[in-house]
Structure formats: structure tokens, C-alpha cells
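Residues per chain are reported as follows:
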Amino acid sequence: MGRYLLRRLGFALLLVLVVSSASLLLTRLAPGDITSDQALSLDPAALARMRAELGLDRPLAAQYLSWLGGVVQLDFGRSLLYARPVSTLISERALNTAVLAVVALVLATVIGLPLGVYSGSRSGGIGRATVRVLSILALSVPPLIGSLALVFLAARTGWLPVGGMTSALGADPTWAHWLGDLARHLPIPALALALPLAATLERLQAQAIEKASREPFVAASRARGLDHVQAIVRHAWPVSLRSVLGLYGVMIGSLFSGSFVVEVVTSWPGLGRLMYDALKARDLYLVAGCAASGAFFLAAGTWIADALLALADPRVRSQEAP
Amino acid sequence: MTRRAALFVAALAVLSLAAPWLAPYDDGLAFRDFLHAPPMRPLIQGFSAPVVHPLVLADRLEQRFEADPSRTLPLPWFGGVSDQPVFLLGADNFGRDVLSRLLYGARTSVGLALFATLGAVVIGALAGAWAGLKGGWIDDAVMRVADFVLILPVIYVVLVLRAVLPLVLPASTVFLLVAWIFVAVGWPFVAKGVRAIVAAERDREYVQAARSLGAGPGRILMHHLIPACSGHLVVQATLLLPGFILAEATLSFVGLGFPDPIASWGTMLAEAGNYNAIARFPWTLAPAVAIFAIVLATNLIAAPDRKP
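As they're listed, the protein sequences go chains Y and Z.
If you read the first sequence in the numbering used here, its first letter stands for residue 1, the second for the next number, and so on.
If you read the second sequence in the numbering used here, its first letter stands for residue 323, the second for the next number, and so on.
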């Protein structure tokens with residue numbers, strides 16, 4: 001198992017390197033650069049001086065190699081747009097995205113799994129039907145549509161503040177104050193992100209429980225005298241977890257795609273927005289840094305999901321061992 | 323499910339092509355006196371054609387409209403030409419009819435998604451079949467590339483690819499360009515399944531029989547192996563289509579899709595998607611409802627048929 005995880009780690013590093021290099025090179029080869037906005041107002045000599053200062057006049061290979069040399073020492077260069085080191089910019093924004101993504105993932109799990117266990121262990125009835133209908137509906141609300149709908153709801157009713165991560169709190173807000181404000185801004189983006197995921201989890205958990213409860217050991221535990229709920233929770237559910245945990249690895253990717261849209265709609269200052277701004281301004285080091293951190297989170301997410309899977313299911317451990 | 327999916331895709335194709343005949347007004351036609359006019363409710367009186375009460379501007383500052391109950395207007399499909407417009411889904415910030423733009427937008431958004439789906443299915447099927455038929459290092463190489471594309475978050479790849487291309491382009495160029503970007507991220511979904519089916523089927527008796535009768539690899543592929551994958555192809559097309567519609571909406575929403583006067587669901591949402599406007603003029607979110615309906619239909623089609 002150790003070797004397996006090590007191999008995955010190597011693959012993750014390769015992914016980060018390939019993705020960030022590709023986005024750097026693509027942005028470099030794209031028409032225009034960070035100075036294009038000023039091209040009309042500056043005279044050619046000043047423009048050339050500016051480009052030389054930023055190092056944009058060097059040949060592609062030299063530029064790439066010096067960037068790569070920095071990356072090996074974990075130096076991702078300076079953002080041309082914000083004139084700050086890429087790594088500080090990214091760590092600020094990545095934290096915001098991580099807060100959003102983790103809350104959404106927890107929300108999806110807390111909503112999706114219990115409902116899935118419930119609807120999967122029922123053979124019929126109004127409760128199961130309700131859960132299924134709600135789940136199909138939630139599955140059909142992609143984050144773009146969900147965030148627009150929730151923003152509409154919030155703006156119409158005034159229940160929650162719309163847009164941003166915090167309101168203007170004045171100077172030196174207390175911790176509790178800041179946290180309370182964040183908690184009021186979180187529900188809209190987090191729910192928009194969590195709803196389709198919760199529905200996916202519910203559907204899969206329901207199918208997995210249905211399959212697992214047909215196993216002979218569940219019938220045996222019923223025969224030993226356990227009631228229906230105990231047999232499901234203690235015996236069928238742990239077995240059904242395998243396919244559900246497998247989904248988490250896949251969900252990290254959709255969480256990332258979804259969080260970009262949600263960040264744009266609700267003005268959440270996250271990694272997705274930063275990357276978008278960097279792309280539009282042709283800030284190539286920032287683009288590469290964002291891509292690298294995105295790929296890192298993606299790889300880390302899948303890696304954690306795989307490790308969880310291996311912990312939850314001994315069969316995976318023995319399969320992957322050789 | 324295959325039949326239902328094919329019917330659904332065909333219905334969407336018809337809808338997206340029929341916009342000029344279905345839409346009451348031209349998508350660019352702006353009625354300057356009716357900025358953000360609310361939807362009018364059609365009144366059905368007996369067996370005559372439905373009518374609406376025309377809107378009168380009650381307060382220009384607040385942009386508040388009131389229906390004038392003393393007069394009626396025929397719907398544009400039933401009556402002759404009237405001097406006042408009829409907005410069944412309201413008007414947008416330029417006074418353009420939202421219903422007409424929704425229909426013309428379907429031509430752009432759904433048309434683009436259909437085009438990209440077709441491309442992804444054809445290229446994915448060819449790449450997957452080639453990998454499955456040849457085996458060996460070709461198989462390895464194609465599947466490695468497909469796996470790599472699959473693990474990347476699709477919307478970021480689309481975003482980067484679109485952003486590195488020139489930002490201001492004519493609409494027809496944007497259409498083709500975005501379609502090809504979608505094909506580039508969509509083909510692996512098709513290719514993986516096709517490869518698995520082809521690799522399993524290529525040594526079956528019917529393929530051997532065809533080969534022993536002298537059929538070349540091309541004929542075996544087109545007449546025997548691709549038909550064996552048809553179910554998978556239809557399912558993948560049904561799943562890719564709403565994804566592409568959504569991707570177009572996202573791209574145009576952030577300003578990397580179609581330029582402004584073009585009606586697409588994404589550009590319509592981009593114009594609607596500002597906090598104050600959303601609360602006051604919710605009818606401009608009509609494309610969001612349309613996208614929801616399409617995704618819902620796909621989910622209902624793709625839901626496994628269960629027999630108790």
C-alpha cells in the first residue's frame with residue numbers, strides 16, 4: 001500500500017508540473033501581454049522599456065527555464081498584475097476557496113448520506129418517493145443556475161447578504177463578529193455548490209444500500225435478532241461505503257469546476273476568480289501559479305479519497321499491494 | 323432509454339433550428355419605451371385567440387409598468403401587426419423581448435452544444451475504436467491522453483483555452499472555436515467506453531466471420547464495431563449535451579463567450595446576473611429555467627429504469 005500511495009504522489013507532482021507549465025506556455029504564446037492595455041497610451045519606446053523590465057522580451061525558452069528554476073525552489077515568481085509574490089496571493093485566495101469547498105462538501109455529505117441510507121433501505125412509501133423527487137430536482141440544478149436562484153431568493157427576501165465573503169465591518173472587527181459575518185455570507189455559495197453533490201451522494205448511497213442489504217450477512221444479522229435499522233446501520237452501511245467513497249475522488253473535480261462559477265456569481269474572492277482575472281490580464285506567472293495550486297488540490301483530493309478508500313476497504317489494500 | 327434519449331436530442335435540434343419561425347420578434351429588436359417591461363399574462367376568453375392587456379408606463383423613474391385593462395392586444399402569432407409589442411416573458415434591459423431572445427438563444431446555445439456533441443462523439447468514437455482495435459502502444463497512448471483530460475476540471479481547461487485565444491472575435495468564429503474547445507474536452511468521455519466495447523468485441527465470432535469473408539479493418543469498424551457501440555454513443559451524447567450548454571452559459575456569463583448583441587443563454591444570463599436586477603426583474607432569468615429544464619429532462623432519461 002505504501003508503494004501505491006508513493007506512486008500516486010509522483011503522479012500528482014507530474015500533474016502539477018505539466019498543468020502549470022502548459023498554462024504558462026499557452027498564456028505566453030497567446031496574442032497580447034500584460035502591457036497590451038497601455039499600448040495605446042504609451043509611446044513604443046516606453047512600452048519596450050516596460051516589457052524589458054517585466055522580462056517579457058526574453059525568448060520563450062529562457063523565460064520558461066528561469067520560471068522552472070524558481071519553481072524547483074518553490075518560488076512561483078511575482079504577479080505582474082498585483083506586483084506581489086504569486087505564492088502570497090494564492091495562499092490568501094486558496095484559503096477562501098478551501099473554506100467554501102470544505103463547507104460545501106460537508107454540507108453535501110450531511111444532507112446526502114443520511115437521506116441516501118434512508119431512501120435506499122425503504123422498499124416504498126411516501127418518504128422514499130419524496131427524497132427521490134427532491135434528489136432528481138437538486139441534481140438538475142448545476143452551480144451556475146443554483147447560485148443565480150439563491151441570489152435571487154436572498155435579494156428578494158433580504159434574509160441573507162448577497163455577494164462577497166464579508167461585509168464592510170469597519171476597523172478591527174472582533175473575531176466573533178467577523179466569524180458571524182462570514183457565516184451569513186457562506187450559505188448561498190456553499191448551498192449552490194452542495195445541492196447537486198448532495199443529490200449525487202444520495203442517489204449513489206441509496207443504490208449502494210439497496211445492493212448491500214440484499215447480501216446474506218444482513219439477512220443473517222436480522223435472523224440473529226437485530227432490528228431493521230440496526231442491521232442497516234451496522235452491517236449494510238459500512239459495506240456500501242466503498243462505492244460512495246470512490247465517488248469522493250471524482251467529486252473533487254466537479255467541486256473545483258463548480259466553485260469557479262459560484263465564485264463569479266457571488267463575488268467570492270477565491271482561486272477561480274483570481275485565475276480568471278489573471279487570464280484576462282495575461283499575467284502569466286499568476287496563471288501558472290493558479291493552475292499549479294488547482295492541480296495540487298485536485299491531486300491531493302483524489303489522493304485523500306484513495307487513501308480513505310484503502311482504509312475503509314481491506315480488499316483495495318490487498319489488490320493494489322503488488 | 324436509447325430511444326427516449328434520441329427523441330430528446332432530436333426535439334432539441336428542431337427547437338434550436340426553428341427560432342426564426344417561433345419567435346415573435348427579431349432577437350435584436352429593442353423597444354426603447356419598454357425597458358425591463360414585466361411579462362404580460364395572456365387572457366383566454368372562450369374559444370377566441372388569447373389576448374393581452376397592453377402595458378402603460380406608470381413611473382419612468384421606477385420603471386414601473388401597469389396593464390391597461392380597457393384595451394386588448396392580440397398575440398403576435400394570432401393577430402395582425404399591432405403598434406405595441408407583446409412580451410410574454412417580459413423585456414430585458416434594452417427593451418428586447420425575452421421570449422424571442424430565449425428562442426434565438428436556443429439556436430446559439432443548443433446549436434453550439436449539438437455541434438460540439440456531434441464532434442466529440444465522432445472523434446471520441448474514432449479514437450476509442452482505433453485504440454481498441456490496434457491495442458499495444460497506440461492503445462496505451464490514446465488512453466493515457468484521455469485519462470489525463472478526464473481528471474482535469476473541465477471548466478478550467480475550457481477557460482484557459484478560450485482565454486489564450488484573441489478575446490474579440492466575430493460571432494461565427496467564436497461559435498466554431500468554442501465548439502472545437504468543447505470537442506477537445508469532451509471526446510475522452512466517449513472514447514473510453516468505445517475502446518472498452520471494441521476491445522471486447524473485436525475477437526467475437528461475428529467479427530471473425532466478417533474478417534474471414536475478407537472485410538478490411540475499415541469495414542469491420544464501420545459496419546460491425548461502431549454499431550455495437552451505438553447504445554453507449556447515444557448515452558454519452560445525452561450526457562455531454564447539457565454539459566456543453568452549461569459550459570457555453572458559463573463562458574458567456576464571465577464574458578469569454580459570445581459578444582453582446584448575439585442572443586445566447588449565457589449572454590442573457592450575464593445581462594441578468596446583477597444583484598439588484600435579479601431581485602427586480604426575475605423574468606430575465608428565463609434562460610436559467612430553460613437550462614434547468616434540459617438538465618432535468620436528461621436526468622430523467624438517464625435515470626435507470628427500475629422494475630419492482
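Misleading hints may appear alongside valid ones.
[Claimed, not checked] Below, a sample of chain Y positions facing chain Z; criterion: calculated Cβ distance under 8 Å:
(1) Ala149
(2) Lys280
(3) Ala281
Simulated from the structure, these hints should not be mistaken for lab results.
Where a beta carbon is used, it is the ideal one built from N, C-alpha and C, also for glycine.
Hint check results:
{"no.": "1", "hint": "Ala149", "in the structure": "holds, 7 Å"}
{"no.": "2", "hint": "Lys280", "in the structure": "holds, 7 Å"}
{"no.": "3", "hint": "Ala281", "in the structure": "violated, 10 Å"}
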